[in-house]
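Protein sequences, first through last, are from chains F and D.
Residue numbers 33 to 269, in the working numbering, belong to the letters of the first sequence in order.
Residue numbers 14 to 213, in the working numbering, belong to the letters of the second sequence in order.
Hints are supplied without guarantee of correctness; some may be wrong.
From chain D, some residues computed to sit far from chain F (all C-beta separations above 10 Å) [stated by the list, open to error]: (1) K44; (2) G65; (3) H76; (4) N160; (5) E180; (6) R188.
Footprint (simulated), chain D over chain F, 3 or more residues, beta carbon under 8 Å [what the hints assert, rightly or not]: (7) 226 to 236; (8) 255 to 268.
Derived contacts from chain F toward chain D, CB cut-off under 10 Å, selection only [what the hints assert, rightly or not]: (9) P128; (10) A131; (11) A206.
Note that these hints are calculated values from the structure, not bench results.
Note that beta-carbon positions come from the ideal geometry of N, C-alpha and C, so glycine has one too.
Residues per chain are reported as follows:
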Amino acid sequence: MGAIGRRSVLLGAGLLPLLRISGAAAQAPGPFSLPPLGYAFEANEPHIDAQTMMIHHDRHHAAYVANLNAALKDYPQVAAMPLEAMLGKLAELPEPIRAAVRNNGGGHANHTMFWGVMGGKGGAPSGSLAEAITRDFGGLEALQGAFNKAGLGQFGSGWVFVTVAKDGKLGLVARPNQDTPLQDGARVLLGNDVWEHAYYLKYQNRRADYLAAWWNVLDWTRIAARFEAAKAGTLAI
Amino acid sequence: MAFTLPALPYSVNALAANNMQQETLELHHGKHHNAYVTALNGFVDANAALQGKTLEEIVKLSHGDASLAGVFNNAGQHWNHIIFWENMSPNGGGIPGKLEAKLIADFGSVQAFKDSFKTAATTQFGSGWAWLVQGADGKLKTTKTPNGSNPLATGEGKVLLGCDVWEHSYYLDFRNVRPAYVDNWLNKLANYEYAEAQLG
Ligand SMILES: [Fe+2]
Ligand SMILES: [Fe+2]
Ligand SMILES: [Fe+2]
């Protein structure tokens with residue numbers, strides 16, 4: 033039996049459950065809930081496989097949401113804050129929940145952004161976003177090269193992000209674990225998850241191949257909407 | 014002299030019956046560990062200050078030095094994985110008498126040791142390692158380190174056991190379920206004979 037067959041059996045899932053649209057995962061009580069993916073698990077095939085999408089969304093992201101809600105259970109004043117405000121004021125949060133909010137709140141924010149910039153067919157941006165990418169990085173190809181290099185250089189689990197300031201200025205940063213530019217009050221235009229769970233079933237140790245392939249599933253229409261929202265001051269996470 | 018990838022002390026399918034499949038070991042040893050060795054040798058080739066140093070010396074001198082972060086990551090991971098292969102066994106899980114008595118003395122029971130180790134392993138957020146060490150006071154304790162760090166670098170004691178909790182260690186076999194990987198590791202893979210032999 034080939035590796036993929038063995039994996040399906042191990043998962044105990046078979047193929048059929050992978051074909052449903054996500055969103056039915058159990059929701060823990062609390063202020064936050066797992067957002068539906070917005071497209072089918074197989075929408076990013078062949079670049080990101082459906083099984084990875086399912087586990088990543090329904091298990092990894094769901095766990096960040098459940099753990100965040102659990103951490104906030106006895107802190108109603110923190111629980112009432114918007115996620116981006118919590119992450120932007122980590123140092124002011126009660127010490128007993130600071131690490132849990134950083135890790136799980138960051139995980140919730142990062143993955144919500146991640147699903148929101150994927151599900152497309154790649155290609156290139158147009159209009160003012162394309163102009164900003166040319167101005168700040170020298171073009172899409174130059175951005176991709178620098179971004180993939182930063183993603184490859186992030187040792188261990190983490191993320192690589194393109195940030196966007198209110199004046200439309202773009203930047204590039206990598207962060208460990210579930211840390212996010214939201215902690216610095218910045219906003220994220222797009223970001224890629226380089227935790228091994230994001231690519232191991234399909235790419236194993238070949239993170240560089242995953243980084244290169246990921247651009248093929250971006251939805252530049254939705255990313256352009258994030259760009260406009262960031263400039264308008266209405267982009268939350 | 015260049016650092017080299019050590020051979021596994023068992024065949025690549027030797028742990029499959031204990032739930033670490035051949036593909037996991039092939040990738041982990043042949044790709045991940047090998048990449049750390051290659052990267053480390055690249056750093057040593059490029060930096061005369063590292064040449065002629067032992068692996069332990071490189072781990073210690075690069076720890077906490079931001080300008081040597083890449084050196085530390087790869088030297089640490091080389092050191093960690095050398096131990097990792099040695100402290101697993103196809104006949105793992107059985108705890109010999111002298112170590113068992115020491116675990117009971119220092120943790121209260123073997124189960125309390127396993128619970129403590131599992132907590133360290135499952136609360137290491139992101140990539141890293143869980144450890145059983147013997148501290149300078151002679152007592153056994155568990156600890157955890159992120160990414161390529163280890164008790165040699167932190168000075169937390171002599172390593173008896175180290176469990177890799179980077180997702181590459183368990184993703185093919187256990188997916189996102191790290192607690193199940195750690196339970197299996199403690200009960201079916203850990204080489205407690207190796208651990209006992211490290212006791213001071
Ligand atoms: Fe993720
Ligand atoms: Fe350290
Ligand atoms: Fe490893």
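Okay, the hints, checked on the actual structure:
1. The claim that K44(D) lies off the interface is violated: its Cβ sits roughly 4 Å from the closest Cβ of chain F, which falls inside the 10 Å cut-off.
2. The Cβ of G65(D) sits about 25 Å from the closest Cβ of chain F, beyond the 10 Å cut-off, so the non-interface label holds.
3. For H76(D), the shortest C-beta to C-beta distance to chain F comes to about 14 Å, beyond the 10 Å cut-off, and the non-interface label holds.
4. Not every beta carbon of chain F lies more than 10 Å from that of N160(D), the smallest distance being close to 4 Å; the non-interface claim is violated.
5. The beta carbon of E180(D) is not kept farther than 10 Å from every beta carbon of chain F, the shortest such distance being approximately 4 Å.
6. Against the 10 Å criterion, R188(D) falls within the reach of chain F, whose nearest CB is about 6 Å from its own CB.
7. Counting residues of the segment 226 to 236 of chain F whose CB falls under 8 Å from any CB of chain D gives 6; the rule of at least 3 is met.
8. Restraint check on the segment 255 to 268 of chain F versus chain D: 0 residues with Cβ-Cβ distances below 8 Å, three needed, restraint violated.
9. At a threshold of 10 Å, the smallest CB-CB gap from P128(F) to chain D is about 14 Å, leaving the interface hint violated.
10. Interface hint at A131(F): satisfied, since its Cβ lies 8 Å from the closest Cβ of chain D, which is below the 10 Å cut-off.
11. The restraint placing A206(F) at the interface with chain D is violated, with a minimum CB-CB distance near 13 Å, outside the 10 Å limit.
Hints 1, 4, 5, 6, 8, 9 and 11, counting from the list given before, are not met by this structure.
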